[in-house]
Amino acid sequence: MARPYVCLLTLAAVLLLGFATVSRSKYPRGKEHQRKLQIPSQFSQEERVSMKQALKGAIQIPTVSFSPGEFNTTALAEFGEYIRKAFPTVFKTSFIQHEVVGEYSHLFTVRGSDPSLQPYMLLAHSDVVPAPDQGWEVPPFSGLERDGFIYGRGTLDNKNSVMAILQALELLLIRKYIPRRSFFIALGHDEEVSGENGAQKISALLQTRGTQLAFIVDEGSFIMDGFIPNLKKPFAMVAVSEKGSINLMLQVNMTPGHSSAPPKESSIGILAAAVSRLEQNPVPNMSENRLLKRLLQQLANEFSFPTNIVLNNLWLFWPLVRRLMERNYIMNAMLRTTTAVTMFNSGIKVNVIPSVAQATVNFRIHPTQTIQEVLELVKNIVADDRVQFHVLNAFDPLPDSPTDDQALGYQLLIQTLQSVFPEVDIVAPVVCIANTDSRHYANLTTGMYRFNPVYLQPQDFRSIHGFNEKISVQAYETQVKFIFEFIQNADTDLEPAPHQHEL
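Take the sequence shown: its letters are residues 1408 to 1910, numbered as in this note's numbering.
Keep in mind the hints are simulated off the structure, nothing from the lab.
A few of these clues could be false.
[Stated by the list, open to error] Computed beta-carbon distance windows for the label pairs:
| hint | residue 1 | residue 2 | range |
| --- | --- | --- | --- |
| 1 | H1505 | I1755 | 46 to 52 Å |
| 2 | Q1541 | L1901 | 47 to 53 Å |
| 3 | D1792 | E1695 | 30 to 36 Å |
| 4 | L1723 | H1872 | 27 to 33 Å |
| 5 | I1581 | P1539 | 36 to 42 Å |
| 6 | R1697 | A1747 | 23 to 29 Å |
| 7 | I1581 | T1481 | 29 to 35 Å |
| 8 | P1670 | E1488 | 30 to 36 Å |
| 9 | Q1614 | E1695 | 30 to 36 Å |
Note that CB positions come from ideal geometry on N, CA and C, so glycine has one too.
Turn these sequences into a full structure, and let the hints guide you.
Pasting the structure below:
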């Protein structure tokens, strides 16, 4: 009895600490994927200083999105003027068209020399979440450089991408580069609050023009370093799908009264009980996790016995693996539709029984479920007719984008990873558990990939939307280098094969 028990405990520890959904992905090494760069990605000391200063200046502009329709419009307008000054060559080049969409978003059309090649799109967003000074080591909009890091809100989410894309293009243009393949750059201004006035309007505009894209690349994943104790080397995560979302308001109406003679149940008590049931009874995890299972099976040989045996035989061990994954909050989010109570409002005075209590719950919908399925589950869990349900906004999950040898966008990401990050030879196609602007472009392409070419450590992950967000100067330079090479790699003659979205 002792030995099997020890093995099971060992397996549990390994799985809980060490088996995030990483998988070895073979880099395309055939000649058809290898194309010598026309312009080497080497930058002078003056250029490196300039790109660093440009990012600092961008961070100092507080382009905060507070809620849908509520932005720091003064800062957004200032940011539009700032990028014009920071990247003059981009704005004066004859084959680049710049348009302002939705007042503060920016769309660049870069016309390539070969119109037979299908265009692609690079995405980023200029808005950031609020950042009060309290809790930060430096002012959050200072752009201060300290010990090789640039601090400030947006250094990882997502002004680093905005500036790196434009910086890479600026440096290419200075070197007289003319792309063969046309591409777009879409910079939204309200991603943090849904993207309806930015990305959604850009997508609608392109659709009216009959635009179809080979692929898009947006934020949403990183090169993970130090997240898995049993895996010493870093690994890249490329999100090929994205969860859906429901913002659901629960409301209870009761007769108000004086607190000296309270009723048996109040609106607050009824609603609190309903919210507690939702937290105590999460939406069931999904047995059909095709993408996750595939990754785990590819991962198996990265580990020793007994984990390799378990992951190579998920047909038998999946229930055990699933239960162990549930204990880790990140792994749990990849398994199921998550429930997060984010707002609770009630009461007007200390001696008044309130007539109304409201709570807002955010559900991130697993790709194998729909809005309606989740709503039915939630109503059954609450099981109280006194609780009203109001959907504030919702959208279904996105399907999987292709990752086969004919998936041009995915293969270009891997090719550029191989060149810029030769030490990274593990790649993970994953589901993005957050939401990005990319969902607004599902009408234009089946190839939607979310990847930020930046190393991320656990403390960095916690700083996104948290305190002391920062990026190293070296990491930012490397991000510029990645995009500099990616744009050139995209000039390949290869075309994406027709794909249907995998549902």
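Do the hints match the structure? See the list:
no., hint, result
1, H1505 / I1755: 46 to 52 Å, "holds (50 Å)"
2, Q1541 / L1901: 47 to 53 Å, "holds (51 Å)"
3, D1792 / E1695: 30 to 36 Å, "holds (32 Å)"
4, L1723 / H1872: 27 to 33 Å, "violated (39 Å)"
5, I1581 / P1539: 36 to 42 Å, "holds (39 Å)"
6, R1697 / A1747: 23 to 29 Å, "holds (25 Å)"
7, I1581 / T1481: 29 to 35 Å, "holds (31 Å)"
8, P1670 / E1488: 30 to 36 Å, "violated (58 Å)"
9, Q1614 / E1695: 30 to 36 Å, "holds (32 Å)"
Figure legend: structure checked against the earlier numbered hints; hints not met, in rising order: 4, 8.
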